[in-house]
Amino acid sequence: MPAGRARTLSGRRPALLIGALFFVVTVIMALPSVGLWLSATPGNYGDAFFSQWLLRWNIHSLIDGDVSLFHPNIFWPARNILVYSDSTLAATPFAALAGFLVGWPLAYNVLYLAGWLCSLASTYALARWLRVSRAGAVLAAFVYTFAAVRVNLHGNFPMQFTFLAPLAFL
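Counting in my numbering, the sequence shown runs from 154 upward without gaps.
These are computed hints drawn from the structure, not numbers from a lab. These numbers come from a predicted model, not from an experiment. Note that the Cβ used here is the ideal one computed from N, Cα and C, for glycine as well. Treat each hint with caution, since some may be false.
[As the list claims (entries may be wrong)] Computed Cβ-Cβ distance ranges for the label pairs, DEER-style: (1) V255 / R232: 30 to 38 Å; (2) H224 / V285: 39 to 47 Å; (3) V285 / V177: 17 to 25 Å; (4) F176 / H224: 49 to 57 Å; (5) N305 / V255: 22 to 30 Å; (6) R232 / S286: 45 to 53 Å; (7) A278 / L191: 27 to 35 Å; (8) I227 / R166: 44 to 52 Å; (9) V285 / L215: 34 to 42 Å; (10) L215 / V255: 14 to 22 Å; (11) N305 / W206: 18 to 26 Å; (12) G289 / H224: 44 to 52 Å.
Input sequences plus hints: build the corresponding full structure.
In structure tokens, the structure reads:
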């Protein structure tokens, strides 16, 4: 093997190990029973089921031009109820594609795990950009991602978008 190629592979090893660590810890923290990915939803069922419904409502309302995105039928006659749920709009295209490919709740669980992984990765990237050591950056990613306020609200899907905060600073 050429020397340049060996150097490239060894340079990627820490990133692959950290990525694997992040994935394993995310699965352990987010879905205690991995065998239930096809039938269970993480978090308390009120928030999690509402979040799933909201994603599906967004898909429905974007496809069907006769209904308003922010005026769902479950809150009739109130108007503009979902104006503050706009963070789920960013996930709607991914939810539509994943829902079509693998169905619900697996699609929701994949998006849910992706939010945790993005949080770990974005915090790690910010810490490394700030010249923190690898070990310190991993610790920062765990502290930010699994902070008490986030773990307490882990079934609340919009909380998954807090990974945008480290990206904004980055």
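Could one say that the CB atoms of I227 and R166 fall in the range 44 to 52 Å? Holds - the Cβ-Cβ distance for I227 and R166, about 50 Å, lies within 44 to 52 Å.
Is the hinted range of 44 to 52 Å satisfied by the C-beta distance from G289 to H224? 47 Å, holds
Consistency of beta-carbon spacing, V255 to N305, with hint 22 to 30 Å: Holds, since N305 and V255 (Cβ atoms, about 29 Å apart) stay within the stated range.
Given a hinted range of 39 to 47 Å, is it respected by the beta-carbon distance of H224 and V285? 46 Å, holds
Can the suggested window of 30 to 38 Å be confirmed for the beta-carbon pair V255 and R232? Holds, since V255 and R232 (Cβ atoms, about 34 Å apart) stay within the stated range.
Go ahead and decide if the range 14 to 22 Å is satisfied by the Cβ distance of L215 to V255. Holds, at about 20 Å.
Assessment of proposed distance window 49 to 57 Å (beta carbons of F176, H224): 39 Å, violated
The hint says 17 to 25 Å between V285 and V177; measuring C-beta to C-beta, is that right? 22 Å, holds
Given the hint of 45 to 53 Å, check if R232 and S286 actually sit that far apart at their C-beta atoms. Taking Cβ atoms as reference, R232 and S286 lie about 52 Å apart, which means the hint holds.
Given the range 27 to 35 Å, decide if the beta-carbon distance of A278 to L191 lies inside it. 32 Å, holds
34 to 42 Å as the expected CB spacing between L215 and V285, which holds or is violated: For V285 and L215 the Cβ distance comes to about 40 Å; the hint holds.
Cβ distance range 18 to 26 Å for N305 and W206, holds or violated: Roughly 22 Å apart at Cβ, these two residues keep to the hinted range, so it holds.
When each numbered hint is compared with the structure, a violation occurs for hint 4 only.
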